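Peer 1: Listed below, chain by chain, are the residues.
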Amino acid sequence: MDAAGGTELAIRTRKLNLWYGTFQALFDVDLEIRHGMITSLIGPSGCGKSTLLRSVNRINERLGYVRITGSVDVLGHDIYAPEVELVQVRQQVGMVFQRPNPLPISVRDNVLFGYDLHAGGRRKSRAEREEVLEDALRQVVLWDKVKDRLDHKATALSLEEQQKLCIARLLPVKPGVLLMDEPCSALDPRGTEAVEELIWELRGRYTILIVTHNMAQARRASEECIFMLLGKVIEHTDTAEMFVTPRHQETADYIEGRYG
Amino acid sequence: MFDASPLNRRNARNEMLVRLLLGAMTGLLVLPVLLILGTLVYKGGPIISFEFLFTSPTNGMTAGGIFPALLGTIFLVLVALLASVPLGVAAAIYLSEYAPDNWFTRAINLAIINLAGVPSIVHALFGVGAFVIFFRFGTSILAASLTLAIMTLPVVIVATRESLQAVPQAFREACWNMGATRWQTIRRVVLPNAVSGILTGVILEVSRTAGETAPIMFTGAAFFLPFLPQSVFDQTMALSLHLFVVSTQVPGMPEELPFGVALVLICMVLAMNSLSIALRMYLRGRKRW
Ligand SMILES: Nc1ncnc2c1ncn2[C@@H]1O[C@H](COP(=O)(O)OP(=O)(O)OP(=O)(O)O)[C@@H](O)[C@H]1O
Ligand SMILES: [Mg+2]
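Each protein sequence line maps, in turn, to chains F and E. Per my numbering, the very first residue in the first sequence carries number 184; after that it's consecutive. Per my numbering, the very first residue in the second sequence carries number 207; after that it's consecutive.
I should point out that these hints are in silico values taken from the structure, not numbers from a laboratory. Any given hint could turn out to be false.
Simulated crosslink set (SDA-like; lysine to any residue; CA at most 20 Å straight-line) [stated by the list, open to error]:
(1) Lys330(F) <-> Pro287(F)
(2) Lys415(F) <-> Arg403(F)
(3) Lys336(F) <-> Lys357(F)
(4) Lys336(F) <-> Leu397(E)
(5) Lys328(F) <-> Glu317(F)
(6) Lys336(F) <-> Arg378(E)
(7) Lys357(F) <-> Gly219(F)
(8) Lys198(F) <-> Val270(F)
(9) Lys336(F) <-> Gly491(E)
(10) Lys336(F) <-> Arg490(E)
(11) Lys328(F) <-> Glu380(F)
(12) Lys198(F) <-> Gly253(F)
(13) Lys336(F) <-> Leu489(E)
(14) Lys357(F) <-> Gly491(E)
(15) Lys307(F) <-> Lys328(F)
(16) Lys357(F) <-> Val239(E)
(17) Lys415(F) <-> Trp202(F)
(18) Lys336(F) <-> Val401(E)
(19) Lys336(F) <-> Gln375(E)
(20) Lys198(F) <-> Gln271(F)
(21) Lys307(F) <-> Gln390(E)
(22) Lys328(F) <-> Ala339(F)
(23) Lys336(F) <-> Ser402(E)
(24) Lys357(F) <-> Val267(F)
(25) Lys336(F) <-> Lys249(E)
(26) Lys307(F) <-> Val324(F)
(27) Lys415(F) <-> Leu214(F)
(28) Lys357(F) <-> Lys328(F)
(29) Lys336(F) <-> Asn399(E)
(30) Lys357(F) <-> Arg217(F)
(31) Lys336(F) <-> Arg312(F)
(32) Lys336(F) <-> Thr387(E)
(33) Lys198(F) <-> Thr234(F)
(34) Lys336(F) <-> Glu379(E)
(35) Lys249(E) <-> Val239(E)
(36) Lys198(F) <-> Asp211(F)
Since we're looking at a predicted model, the values are computed, not measured.
Excised from the complex, chain E in its bound form (with noise of 0.2 Å):
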């Protein structure tokens, strides 16, 4: 009595297409990714080694490390988080916790959601304008730095303003009916639980701001540098920039060299990702609700 009926059977068979079909598609979609990071550690792999990772060029870039690239652009994402992670913050809590709910506060909402979207060579425009002329930091890391930051600053907002909304309003409402101000109450209980989104955000932006070229490239990122810079005012070299200059702008350059530089690009952000992927669970795991 239990047996399928013909209804059951197309039901049945349509299942196992929609299955096929979405599954082909996801796989479409690693394939690309898979073949990017195959080329790269085929192609690039053989080049790592300590003297590539840590000597400066030589021979007009053609052989030698990256050494300088590797540092600058380490160096351009802590100035940038220096900048756009007290700011960010601030401003999603101010935004959440104490902006009056009008219109007023969802323009700037939105204003903000927009600012994510402007091309990152609109950003370096700006950048070349405010920082380089205007406040006469020159071409630096400065400048290039502040560039980033105000890149992803829009990102940083969101995800603190995400995370700050989604500790739960009771906690919110206990404190302040024990006579908590709302600073109070921000400090000892809403940061505590936002913390691990925020700084999930926070390495997601990281990992952005380091592939990054169009932002540096008018403002700080210099072509090639033989020393490495001193202080914020000087110029300094970048991996992304680097990748640009090695892989189009330098005849005779040995195949292997742009690949390997790719591959250092990639193993930074993927590293940054893992970790951030790797913070949340840790901190999801220790809070409980």
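Here chain F stands alone, though its shape is the one from the complex (with noise of 0.2 Å):
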């Protein structure tokens, strides 16, 4: 897939419904996301968010009884599209998963998987491999910490070096978009302040769409939020003045915690 395609949107749904077998977990989205904003995912429980965000990378059709309707464009194409080949898809929008999920193998093959992969037969020089590991390695601010353990099963890490890791094995395929699903839902304050403080690094370098439950870190760590609530998308403003002058009556509700 080339490049953006002269657009500025990053992520653009129309009138996106999604049912899982008869039950419709997403009505008529509307989505406009700009190329390298943060933007975060908040609403309660079961009101989609990780459907929406599935949706956005085709995971979600691995389930045979998910039936979609609209369009998801992502970078100005539309990856529902017949010839689209979902590799591709993948390879331009990376997810991070609630839990930490290394695979069982060395730190440095973790980071190199997808490069390899996509790097086809031809195996990239040994000089040029390093580069790429500790470049990835260094944009999430993790290089110190294990330059010296890139052999180690990356399994043997800290969960906060974990999820990092499964940041950084993300971008030496240069994803356009990076989705994240409670990315800090597993790790402890420390550990979920140091990813945040990464994901707000990575700015500007790449869309990141977060979904999150904590309202501080919605506020602290995004440019723009969503909320949602019932399938539905109810409001998508700036994070600012989402929080302080929110323009729905449920978005005040669920800011407040009314919603629980």
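Build the complex from these two chains, which are given one at a time in their own frames, with help from the hints.
Peer 2: In structure tokens form, the structure reads like this:
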């Protein structure tokens, strides 16, 4: 997939509806997310945040009973178009999960896993790979901590380090969009802070869409904020604005903790 | 104030009784195994020697060794493995990683499990019909091994599928999300983590195969052959059949000879099982998630 094609929008959905079997989880979602932004996605449990996130890299369709109407464009291209190659979509749209899920191989192999896959048969030179490795780990502020442990199993790292590693391994394939589904909820406060800082660091280089249940985090770590309720997008504005002067009563209620 | 109440005492007495009872049951279970092993070692032990293991039977099998049978069993098992492992592992990978979860897949799974319950004599007859007659392999190592392979295929498939399914789903998702295809995911992450389980399954299967008699009796194992097999189209002797022959078919057999054969067979199986357990422990200790 070539670069943004002149458009400023990283993600754009039009009348996106999604059904799990007969249960409709998303209703006419229209979203426009600008390039290089950090956008947080908030809303009560079960409102469809994860579902929305997962339809941006087409991971939902592994479940045979999911049906979708409407369109999702990433960097100006419809990812549900019939000629689209899933592998290309996944390369462009990286995903970070709630529980860190490093592969049970070395730290080095984790970071270079995606890189090697997309390098095709051509094995890159050692120096080149080491450079990619260091660059990715530096971007997630992990290089200094793990540079002596590159050949240790990634599963032996602390949870915070694991989650950073999971972000780092997406970077070598140069994704445009990073999706994060509650990336800090398995971490302690210090880890949370560190990962938040990191996300903030990545701002501008990647478009980041992050689901969180933590109001303070949404407020601290994002530029724009989307509030969802029962499968619909209620409000999408500047984060500062949403938290000070929400336009909808539901948003205000949620922010003040009346939905739990 | 912490003295036992009557209720406490009654509970303690019941606890004691139950423990005794369960312990006694377990003992009853272990006893036959020990008796069998003990008898074999006591009666068959003295006959075991280098000559016994490495020379051919003589004097109408009432003297000499068991070398052709020992070698034959090893051949039969190896050829059976060559057929059943690739086939079984491939089928298991398909069933657990590729096949959609629908009624058809479930029906196939059910069929495989049921196949494991088919008596070995039925497999033997199938082997005669299919390999000996239809494919014209004649009574040969090939026909016997393929019959054994068919018989043990369900075990390989089930063991492989179980170890594949023990690999956490999160690993697969991580790979798919980095744009790995299914096969790349399987080759680089799923298989390396499942290999210990697959290996133990395979070895257990070997030990089962080594002892089978019915499936090879009509398809490729011979009563007595004065020479060693030259190719997979020859017949061969086998330990299990040899045991049957020397214990029931030949008059004037020295008493210790059948025990010696049985002892060798059991030792082979036990060695295989121990190897499988050791391997499992070694590979378990190495992986960590
Ligand atoms: N695989 C699935 N099959 C059927 N229904 C599902 C599935 N996943 C989610 N749902 C339903 O879709 C709705 C939205 O779920 P989703 O996981 O997107 O919510 P969420 O906002 O991420 O919630 P949470 O904050 O708890 O993570 C829920 O009602 C849920 O029950
Ligand atoms: Mg969720």
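Peer 1: Can you list which hints this structure breaks, lowest number first?
Peer 2: Result: hints 2, 3, 8, 14, 15, 16, 20, 25, 26, 28, 32 break, sorted rising.
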